[in-house]
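S.K.: Sequence:
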Amino acid sequence: YDALLERTENWLSAREKKVADAIIAERLSTNLFYASFFASGRTIDTEELCMMTSRSPRYYVSAAYWDRDSLLWAFPAIVEADGKYARELLLSIFRRQGRNFGVHSRYIDGTVLEPGFELDELCAPVIALERYMIVTDDHGLLKNDAIRQGLDSIVHKLSLHKHPERALYDTFLQPTDDMHNYPYLTYDNVLVWCALRCLGEWLGRKELLAHAEQVKKAILEHCVFEHE
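In the working numbering, the protein residues as written are 81 to 308.
Simulated from the structure, these hints should not be mistaken for laboratory data.
Keep in mind the model is a prediction, meaning the values are calculated, not measured.
Below, simulated BS3-like cross-link-like pairs (lysine-lysine); rule was C-alpha separation at most 25 Å, straight line:
id : residue 1 : residue 2
1  : K223      : K164
2  : K297      : K286
3  : K237      : K223
4  : K164      : K98
Quick list of simulated restraints, FRET-style, between CB atoms:
id : residue 1 : residue 2 : range
5  : L171      : I103      : 31 to 41 Å
6  : T256      : R135      : 21 to 31 Å
7  : L92       : H219      : 25 to 35 Å
8  : K297      : P137      : 46 to 56 Å
9  : R285      : R179      : 15 to 25 Å
10 : L283      : P244      : 21 to 31 Å
11 : K223      : A105      : 34 to 44 Å
12 : D258      : D225      : 28 to 38 Å
For every residue, glycine included, the Cβ atom is placed at its ideal position computed from N, Cα and C.
Throw the hints in and build the complete structure from the sequences for me.
M.R.: Here it is in structure tokens:
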């Protein structure tokens, strides 16, 4: 028991983030480790690594999967805590979840749970991959077949939701998971701009980089209103 406790304490201490403010330090570590332990894990039957909304049975969709919840909310904490573990998670997500990137929610094996297209969720894997490479400086994942196939699929799926005339993209569900009032959302299209910049660079496609700038201009023209 003493040996296991010591090993666990050392593991946590090595990944804890130190800041001067004691209150912020406590909250930072609490949230960082909560994201690490409750948003991912290994399955009992196959020991396969996967991400999920939450392992807690208190959550109303415990152990389901959202691209947004896992990759935009929890993953930033995980990659800060443990880059090697974050790499494993990205590989498992692209292999298991890649075929349904952008679909509202899925089971942890990638099967659709609740249908409905969400633009923020389609962009989430790209943004998570970029964050991983920024934190770890590891660009080797871009050579992985599952990653490459997933990125190509995201480019294709994006093309299906472009406005017929403007460089803007629609969504069926909002980032709140509610039905949209307006299909072309500002926040979602900013994510598209970020994703297209990454995709253009990683896939060596100059037309995507150029289109990213068109999306930025369209956002400023159609989605931003200067008041007083």
